[in-house]
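Protein sequences appear in the order of chains A and B. So the first sequence is numbered by the working numbering: it starts at 447 and just counts up by one. So the second sequence is numbered by the working numbering: it starts at 7 and just counts up by one.
Keep in mind the hints are simulated off the structure, nothing from the lab. One or more hints might be untrue.
Not everything, but these chain B residues come out facing chain A in the computed CB check (under 8 Å) [claimed, not checked]:
{"#": "1", "residue": "Tyr25"}
{"#": "2", "residue": "Ile28"}
{"#": "3", "residue": "Ala32"}
{"#": "4", "residue": "Thr39"}
{"#": "5", "residue": "Ala41"}
{"#": "6", "residue": "Met46"}
Some chain B residues close to chain A (C-beta under 8 Å, calculated; not the full set) [as the list claims (entries may be wrong)]:
{"#": "7", "residue": "Val31"}
{"#": "8", "residue": "Ala36"}
{"#": "9", "residue": "Val43"}
{"#": "10", "residue": "Tyr48"}
{"#": "11", "residue": "Thr53"}
{"#": "12", "residue": "Ile54"}
{"#": "13", "residue": "Phe55"}
{"#": "14", "residue": "Ile57"}
Since this is a predicted model, take the numbers as computed values, not measurements. Glycine included, every Cβ here is placed at the ideal spot set by N, Cα and C.
So you can see what is in the structure, the chains are spelled out below.
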Amino acid sequence: MSTLTKILIVLLTISSIFLCGIVVTYVANADNYRQKYEDRETRIRALTETEEDAKTQLKEKTDEYSRQESILRSQITELKTEIAQKEDTVRTIEREKAGLLESVNSYASKVESANQTAQQQTQLFENAQAELEKVKAELTKKRKELNELTLSLTEKLAIIDDIRIKNRRLTEEKTELLSRLDRLSRPIGKEPVRPTPVTPERDIAKVATPLVRDIGLRGSVTDVDLKNSMAEISIGAVNGVKVGNTFHVTRGGRFICDILIIDVETEKAVGFLEKVQPQQQPRVGDRVSTNL
Amino acid sequence: MSPNGQGRRQKAAVPNNLYTVILAVALSVALATLAFVAYMCYSQYGTIFKIP
């Protein structure tokens, strides 16, 4: 055996041992890809199942969401309707509130005016009471004076009775004296003359002749101009109508209006309508007179 | 070549067994490695030569 063969044998052995060691080390430390594959497949299957479950849940959730969405939409619609109704109610309540506030204000003003009126009434009552006290005091005073006057009147009546008795006695004496004088003077052809008393007799008071009298003009309305509040009557200057006279217009005894004469002609006169009743307008043929 | 060895055939003999042992060791190591790799392949993949 040659030396080269020996060297090759040794090198072959060393290299084979080295390479076998490397291979053994590599194989011992190599990953178990089958196990990894199975693990990954298991994980993928689990993930697939999880995805299926998730899809199922997603579908259920989607359905639930759709159902909830429809329910919520219907509820939103109902709530919108209710909100609209509430807003209408709120507007109505606000209007009622405004009306009530206005009523409260008006009532407050009325109460205030009533308070003022009550205060005025109280003041008037106090004034009237004070006046009443004065009147009562004056009444008491007047009663006292009346009693005094009554007493004085009673005394004067007693004096008047005495005077009447004296007057009757004097009348009787006068009659006796006149009869005696008649018996004495008749034989000599004389008769007693009734004496005229020196003291003038007082006369009873009479109604004086009135200083004014009614004009007493009567006629009728011959023309009416309601637009200008003018009217024409059937009597004029020859009947005594003068500017400034006022004629009363009547119909069947009912007062219609007045006519103030502003222009007088011979047989007619024209004047303004006054105190015209809104229900009864003057018309042609109504009676006119200066005195009702 | 020996001068008197023309007529008879000289028996071949291993002059030294050391290198034979070394080769045997190398062969046994290679076989052991082969067996280990085959065992690992079979244990992990269930087969030796096929791709699972």
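Quick one: which hint numbers does this structure break? Sort them smallest to largest. Going through the list in order, the structure violates hints 5, 10, 11, 12, 13, 14 and respects the others.
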